[in-house]
Structure formats: C-alpha cells, structure tokens
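Number of protein chains: 2
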Amino acid sequence: MFAEVTFIKKTSSSRCFCFIYFYFFADLLPASDGDIKTMTFLQEVVDILLAYIVESFDRETKVIDFHYPNELLQMNNWELQDEPATLDDILISCRATLKYAIKTAHPRYFNQLSTGLDMVGLAADWLTSTANTNMFTYEVAPVFVLLEYVTLKKMREIIGWSDGRGDGIFSPGGAISNMYAMLLARFKMFPEVKEKGMSSVPRLVAFTSEHSHFSIKKGAAALGIGTESVICIKADESGKLIPADLERRILEAKQKGFVPFFVSATAGTTVYGAFDPLIAISDICRKYNIWMHVDGAWGGSLLMSRRHRWKLDGVERANSVTWNPHKMMSVPLQCSALLVREEGLMQNCNQMHACYLFQQDKHYDLSYDTGDKALQCGRHVDIFKLWLMWRAKGTIGFEAQIDKCLELSEYLYNKIKDREGYEMVFDGKPQHTNVCFWYLPPGIRYMEDKEEKKKHLHKVAPVIKARMMEYGTTMVSYQPQGDKVNFFRMVISNPAATFEDIDFLIEEIERLGQDL
Amino acid sequence: MFAEVTFIKKTSSSRCFCFIYFYFFADLLPASDGDIKTMTFLQEVVDILLAYIVESFDRETKVIDFHYPNELLQMNNWELQDEPATLDDILISCRATLKYAIKTAHPRYFNQLSTGLDMVGLAADWLTSTANTNMFTYEVAPVFVLLEYVTLKKMREIIGWSDGRGDGIFSPGGAISNMYAMLLARFKMFPEVKEKGMSSVPRLVAFTSEHSHFSIKKGAAALGIGTESVICIKADESGKLIPADLERRILEAKQKGFVPFFVSATAGTTVYGAFDPLIAISDICRKYNIWMHVDGAWGGSLLMSRRHRWKLDGVERANSVTWNPHKMMSVPLQCSALLVREEGLMQNCNQMHACYLFQQDKHYDLSYDTGDKALQCGRHVDIFKLWLMWRAKGTIGFEAQIDKCLELSEYLYNKIKDREGYEMVFDGKPQHTNVCFWYLPPGIRYMEDKEEKKKHLHKVAPVIKARMMEYGTTMVSYQPQGDKVNFFRMVISNPAATFEDIDFLIEEIERLGQDL
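Which chain is which? The protein sequence lines are A and B, in order. Just add 888 to wherever you are in the first sequence, counting from 1, and you've got the working numbering. Just add 888 to wherever you are in the second sequence, counting from 1, and you've got the working numbering.
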C-alpha cells in the first residue's frame, strides 16, 4: 500500500493532466481499481492548494480579485447539471473557486476578527475531513471525544476554575455559544421551562452593554425571551460597561416585577475591543443572584498571555464563558467553546434521551457520550485543529502569537494618534488589537462646518474600502457606532502581519483616500 | 512558484522525515523562508491521509481498532503542554489519531445515517479549509455565497417550488435546521414574539409523530415553547404518522385554548425510515392554518431519485423542508439545508442589523450579504463540498447512488425476512434503507416463555454490537422502540457497500451471536 502511495506521488505531476482528463467521479474509490486514480486526483487537488497557500502569503499577490456579484455569476459556469463533469472539469472548478476567493492567509488581510491561516491548523482540518465523523458519541469519535475532554479541561484551568472542573462544549460559533449560556441561565433558575416553556415563568430580563455583540439579542429572540427583554447598559467612552448603570437597571427591572436572570459581560467588544470590568460586574451578579456570562469570543484568548490576561481579571467568577479559538488564536473556522462552571447542568438542560443514539446498555463508559448535552444532534469535529495547534505551539506559542498581535496594534496606535489627518475614535491605548480611527482626507480636514464635515467624513471609509477591494491590496473593516460616523476598525489577529504591513496599511489608506 | 511546488513534491518522500524532524511550527509559513518547509510538512500529512483513505476502503482492514476510554487515554500522550512539539511529533499525533479513529469510508461501516467518504466531497472540504472563510458576507466569501444561492435554488426546484423561488440556509445540522423551521413558524404567526417574547403570545403547540426525531422537542425546549407543548401523534405499525390522530389532537388543543402553530412531518424517520403521508398532513395544515414543516433530514435526498421520490409526494405543499445532503448523499459532515417557501421571512425573523458587519453603504449588491438571516454570526462554509460533488456526479449520479443503496436494503430485507432466526420489526418492504430486525440466537429461538424470551432478546443486540466493535469487522446500530426490545437498525447510505457486504453483515451477526 505504502509503496504505491509513494509511486503515485512521484509520478503524478507529470502524468496527472492526461491521466485525469478522461475520468469521472465513478472511476475513483470505492471503484474496485480506484486506488491509483483517487490518489492521483487528490494529489492534483493538493498541488492546487499548496500553490494557492504559498501564493497567499506572498505580499505581491492580491488579497482579493474582486468582482461584483452579477459579474462573478457570469465569469464561470456555476450552474448545476444533470450530467456528471469530468475530473478535469472538477480541477478547473477548484482553480476558479480559489481565483475569486479572499486570500485569508494574506499578511494584509485584516477585515474580520478571524484572519490568517495556520499551517498546523490547516493540516488538522484536512485530517478532520478525512476522518469524516460526528462528535455525538464515543462510539463514532473515540479520539476526538477524548481530545475535546482534555482541551476543555485545560481551557477551564486557564480560566481559573479549580482543577479545571466544570463542563463545556465546542459549538458552531460564538453566537451559538452565547445562546447556550442564556439557555443554561434560564434553566438554572427555572428548570420547569424545559417542559413548560416560557409561559410558566415570570418575565425574564437579561443585561448586556450597548457595545456587546448582536448575538445576545438574537439569542433572546430565538429563545422566546424577546429582544425588548435585553436591557442595554451604558458603556463609558472606551466601550466598557458601566457597573453603576447595570445595578440601576437591575433594580429598575426588579421594581417592575421582572426577573433579572442573565448578565452578559463582554471581554473584547467587537468594535472597540473593550473589556468590561468583570470583578465589579460579578459583585453585582452575586448580590442579585444573576447568572454571569462572559462573552470572550474575541478577547478570551488573552487568557493565554501572561502580559494581557489581567484584562479578564474576575473571569473565574463567571458562570459561563464563550471563547473562540478561531479568532485571536487563528484556529481555522469554526472553533468556538462554551465553558460552564457547573457540572451536569448542560446535560440536564438539553438532554432528550434519544434511545437510538445514547443507548444505556453500551459496553463502554457512557459518560463519554456527550452528544445529549448539545442543541445539535450531529456535531462537526472542531476540536482536532485546536488540539493539534496547541500541541505544535505549546501554550507559550499561542502566547507569543497573541502578544505579537497586540504589539502590532500598539505600533499602529502610536503611529497614527498624532499623525496629521487622523483622529482616534476614543482616547487611550486600545486594550485589544482593535484600533478605531477616522482618516480625514485633506479636502475634509479643515472644513469648518461641523455637520458638513461629519457628512463628508461618513462617506470616506466606505469609498476607501471599496477601492481597497477593487485594487485588492488590503482589506479592513469600517462602521458607524452610535452617533459616530463611519470609522475604520483595524483589528490584528493575523499571525502573518508585520510592522511593515501596518505601515503599508496607512500608506494605502492615504493613497486611496487623498482625493476624497 | 509552480516549479518549486513540483520540486518539493517529487523529492519530499525521501527527504521529509529527516527534513521535518528538527523543525517546529515557527519554521512554517508565515516564516520568511517557510515555503519549502511548509509544503514538505503538508505533503507529509497528505501522504498519511492518502494511505489512510486507501486503507479505509480495504475490506481486509478493521472498521475500528476499538479501545475503552480509559485505555485509549493511556495509549498516547494526549495532554496539552506549555512547550511546542516538533513537527515530527505532530505527524506522529496525526498517525495516532487516525489509528484509533473509525474508518467511516469502510464498506462495512453502517452505524449511522451518515456513512462513507466521497472523494470529490473530501477534495472540496480540503479546499474549503484552505480558503478558511466565513459565509456571513459576500465581501469575504464571494464564490461560496453565490454557490449557496445556486444550490439552494436548485434544491427548491427539486422540491417543486415554482422557479425554485423561496429562501433557505445551510445550517450546522438537521437539529438546527428543524429549530429554524419552528422559529420561522412562530414568527410568521406572531411576529411580535421577536421583540416581546413568548409572554406576548398564547400557548403555542406543535405536533409531530411519536417516531419523529428528538430535535423537535429539543428545539421546543430551547425556543421557550416547552417539550410539553410538542404533542406526539400516533404512528401506524410501519412508523407513519396517522393523519386522523393529528386532526383529533389539533382539535383537542384548540378546545383547550391552545394555538396549533407547527406540524413537523417526517420524511424518513430515524429508526424505521418511514415517510409520513405528506398530502394528507398538508390538507390538515391548510384547514387549520398551521405551518407545515417536513423533516427530510434523512429522507429528503430521495427527491433526487425518479424511482423513489413519490414517497415525498406533497412535499411541495410544505412551508419548510429540512434536507441533509450529509446523510443519504454522502456529502462530508456537515451539510444540512433548511429550505423555506416564503421569501424574506428568515431575514425578518432573525435580522439584528449589526452595523459593523452588514454596512448599508457597501459598493456591491447587498442582497448577497445573507448572514443576518442566520442564527449564527460566523457560519462555516458547508456549501462547496455539496456543489462540487453535484458538479462531479450530476443529478443523475446522486440518483444512481441513492437507488443503489435502496436496492441493497431491499436485498437485505428479502434475504432475512424468511430466514431462520430473524424476525422483522414491522411488516412489509422498508421505504427507506432502514431494515429493522431481531436476530434470535439458537438458544433463544425456541423459548416458550414469552417474557423470558423478550428479556433475553433485549440483551442480544448490545452484545453482538460490542463484539463487532471489539473485532472491528463491521458496525451497525441497535435500539429499543416503544415496547419493542433492542433490535438492529441497519441503514445503508455508504456508497462503498455491495451485496457481498450485506451477506457479510448477516454472516457476522450469526457468527458473533450464535452462542448467546
């Protein structure tokens, strides 16, 4: 078997095009003589991917070869047909798909909280696809279930829960992790809600900062709590929740006869990167007996850094924590964990005892059949990429990576805070890698009419962003916030970025924006 | 660049072990001279995967090298460390992980509704990992967003909705797709529930067959409806919902002042593979103005088969349909679609207008920013594997694959229905590939005391299953159902399975069970 593999690998590159050209999917495994054809085909795909990867890291290439949707629809035949295509056509489709994709590994891709492409994480994801199994039972995912166990325990230790005790799950993203937390908080206070629904409980209210992620409201809408029962707490100028306002709103709600059940503090807000004051919040939660959740989807990873973890001081007092390794730790998408302090609660909250899946008379220790604590039935294997990357980097490797991103953002902040044409959205050094700023082109810079100036400034970031995409040189996000007009939100989670890339970004903004 | 790729590929196999041994993750890209080391490392991983794939299809290998959890924990060092490991250690970890994994591609792996490993689907998943992006906006996933649009439209055409109109989304599994449907049904009837929560609406009740999937109840618990508000409708002997009982229970609920809002019919139940009578159910739903959902997670794929799609007659009258290509169509996990007849409803139900993500002043057609209709914020790219497989097989390729699985199950049914020592759980030819049966070992076969016989029989399937796993020869599921003691539920979705594998399964059950 192995000899054959080697043989194929050595010869495929010269043979594959003519070799694959005349074949179809039906010639691949499980076809009886499909071994060689399969390996040739997969090797050909891998060659396309390897070339794409190397190219993605090359600053000379574009981040994106942008086309408008109607153009892109016409640039290839994307329609599905009744008849099969040749494997050669499949390779062509792979190349076309990558040609128009965003190069998320590119050192100048800063558009989202999740950027970069980790090589060990990628290898792990390829292995996960090849193993093609499901997390619901030990029976079908023995290794992955154990690795989830080991990794969640380690993450709870890092949070600071004694001996890493507690519970948790990897879910399909931070929004779902936050929804789990709200679901658990409700169940903890009113377990009857599982059977009897919201009509059996008093009016529940949740609290979160006005800067928090929209998934808190989305979760409340889905869970039948309603968005109006999510009370937005004022944040200070730098985006941190104001504890006094939280307490005031809790008391107000109680006076109305509502039941405060859930506070979601944010560790690393989406736009400003602010860390809510967790200790003060936890004091209030304890005083009023409210579940404290920490949405650390973005900022949770700073727990890995000895230099920065103080920003989450008090996280160990939370009842639940969302932490997305697919953001600041560059684990390939998706990888989001919900960590829960109380053991057994998730199981009680979500279990339905499906007897076709969680048979009670299996021959192994059933505590490893973790699927019934999930909202999902089948669950994708998201653990292996995190586990293998942790193995490859060690905790100190993640720490170094995170510290470097924060260093780059400090460099950016220092570079623009007093630079002509720039204005910071809030004062002081950013706590996370978010640097929020306006770029004022010369034509706007000295406008005297403040309203006119604001109106013009609001249009600057969208135009510069559109030009960035059309040139394909870099990508960075922008948005308005409250009464603040459109500003750039630069975030750095891409391990490929360097000081030079930060310099480039500033030059590029000025190049693309100077005529506005 | 391309010359370099070729060079690496040709030489890696002889150099890689010594080459990689001394290196660490930090030597890979984005390290400045990381190209060659990265390609060598990734090629080495691919070689491990290719060997595993070829081995997985070989009937001489085990489906699983089974170990109990406490043994497996000790068979390797799975713990996470502070210090980085060498890349050589990473390769060792990859090999160890695969050694103890289930070979889901194995022709004798029948354990779940999702079995098999499709080579084009796998290639597509590798590409998806490499592109490492997020479905929320066109901006970051231009091609994948278009492919989702094209594919959902095609699926709606196949359902029978005129011109493929409607809406839909790929979600993380059938349970979440079903939850979406329930959420939409509630919002359609009481849009105020989004803001005001369940306390603003009357007591809602949902209906589904007693054989339906547990996710309907799980969804109701999460959405604040409560499991007691899911009314289980009687099924006939073959597992189909009895429409008369549905109507009776709807009337009963209305008399109590409850509001029926949702009926979930099942197209392909999990255990029996039964198809609920959709036309009769839709008549009732129309009469009482209730949202009709079809949970076709398992059976929806039969729509691709001209021979079998009559089993879903009436599906075009549904308001929403769950259809999991990761089951009967062998798309790698996960790939689940929710299709919705009414356009715009998902957006209205779920949107939260996050201005940092869905900016309204972007330079392209914003209708392609589909993320705000999702419950998730970030969403994994699940579309490419389905799209590429469809491209490779054509509709007729999927049809042939599905028809073959149904043929195999009919073969199994015909083989055992009159065979000594077998008893079918329900009469008649199965409608899906589920074949439910008891195997009665000689020692039990002629027992006269019926209760004693049942008690013994209940223990047979778990023991045979445990032995299958210990020998690693095959895997098939079992469960009790209602008052029926443990029976085998054979399902065939694995395109690698042949008539000989069915013969093998029967021989194996008899070999492992004859002494019981």
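Because the hints were derived from the structure by calculation, they are not lab data. Just so you know, not all the hints are guaranteed correct.
Any copy will do: because identical chains look the same in the list, a pair fits if it lies in one copy or spans two.
Derived DSS-like pairs: lysine-lysine, alpha-carbon spacing no greater than 30 Å straight-line [as the list claims (entries may be wrong)]:
{"no.": "1", "residue 1": "K987", "residue 2": "K925"}
{"no.": "2", "residue 1": "K1292", "residue 2": "K1142"}
{"no.": "3", "residue 1": "K1341", "residue 2": "K987"}
{"no.": "4", "residue 1": "K1144", "residue 2": "K1084"}
{"no.": "5", "residue 1": "K1305", "residue 2": "K1250"}
{"no.": "6", "residue 1": "K1142", "residue 2": "K1084"}
{"no.": "7", "residue 1": "K1250", "residue 2": "K1199"}
{"no.": "8", "residue 1": "K1142", "residue 2": "K987"}
{"no.": "9", "residue 1": "K1122", "residue 2": "K950"}
{"no.": "10", "residue 1": "K1144", "residue 2": "K1372"}
{"no.": "11", "residue 1": "K1338", "residue 2": "K1122"}
{"no.": "12", "residue 1": "K1343", "residue 2": "K987"}
{"no.": "13", "residue 1": "K1042", "residue 2": "K987"}
{"no.": "14", "residue 1": "K1292", "residue 2": "K925"}
{"no.": "15", "residue 1": "K1042", "residue 2": "K1122"}
{"no.": "16", "residue 1": "K1250", "residue 2": "K1372"}
{"no.": "17", "residue 1": "K1144", "residue 2": "K1292"}
{"no.": "18", "residue 1": "K1175", "residue 2": "K1041"}
{"no.": "19", "residue 1": "K1084", "residue 2": "K1122"}
{"no.": "20", "residue 1": "K1084", "residue 2": "K1261"}
{"no.": "21", "residue 1": "K1175", "residue 2": "K1084"}
{"no.": "22", "residue 1": "K1305", "residue 2": "K1199"}
{"no.": "23", "residue 1": "K987", "residue 2": "K1250"}
{"no.": "24", "residue 1": "K1041", "residue 2": "K1142"}
{"no.": "25", "residue 1": "K1250", "residue 2": "K1261"}
{"no.": "26", "residue 1": "K1250", "residue 2": "K1338"}
Given the structure is predicted, the values throughout are model-derived calculations rather than measurements.
Status of each hint after checking the structure:
| no. | hint | result |
| --- | --- | --- |
| 1 | K987 to K925 | both (25 Å within a copy, 24 Å between copies) |
| 2 | K1292 to K1142 | neither (45 Å within a copy, 63 Å between copies) |
| 3 | K1341 to K987 | neither (40 Å within a copy, 65 Å between copies) |
| 4 | K1144 to K1084 | both (24 Å within a copy, 15 Å between copies) |
| 5 | K1305 to K1250 | between (63 Å within a copy, 27 Å between copies) |
| 6 | K1142 to K1084 | both (23 Å within a copy, 18 Å between copies) |
| 7 | K1250 to K1199 | neither (46 Å within a copy, 34 Å between copies) |
| 8 | K1142 to K987 | neither (57 Å within a copy, 57 Å between copies) |
| 9 | K1122 to K950 | neither (41 Å within a copy, 60 Å between copies) |
| 10 | K1144 to K1372 | neither (33 Å within a copy, 52 Å between copies) |
| 11 | K1338 to K1122 | within (26 Å within a copy, 70 Å between copies) |
| 12 | K1343 to K987 | neither (37 Å within a copy, 62 Å between copies) |
| 13 | K1042 to K987 | between (39 Å within a copy, 24 Å between copies) |
| 14 | K1292 to K925 | between (45 Å within a copy, 23 Å between copies) |
| 15 | K1042 to K1122 | neither (34 Å within a copy, 47 Å between copies) |
| 16 | K1250 to K1372 | between (59 Å within a copy, 18 Å between copies) |
| 17 | K1144 to K1292 | neither (48 Å within a copy, 63 Å between copies) |
| 18 | K1175 to K1041 | within (28 Å within a copy, 53 Å between copies) |
| 19 | K1084 to K1122 | between (34 Å within a copy, 22 Å between copies) |
| 20 | K1084 to K1261 | both (19 Å within a copy, 28 Å between copies) |
| 21 | K1175 to K1084 | both (28 Å within a copy, 27 Å between copies) |
| 22 | K1305 to K1199 | within (22 Å within a copy, 67 Å between copies) |
| 23 | K987 to K1250 | between (49 Å within a copy, 22 Å between copies) |
| 24 | K1041 to K1142 | neither (36 Å within a copy, 49 Å between copies) |
| 25 | K1250 to K1261 | within (18 Å within a copy, 40 Å between copies) |
| 26 | K1250 to K1338 | between (72 Å within a copy, 24 Å between copies) |
Violation of the numbered hints given earlier is confined to hints 2, 3, 7, 8, 9, 10, 12, 15, 17 and 24; the remaining hints are satisfied by the structure.
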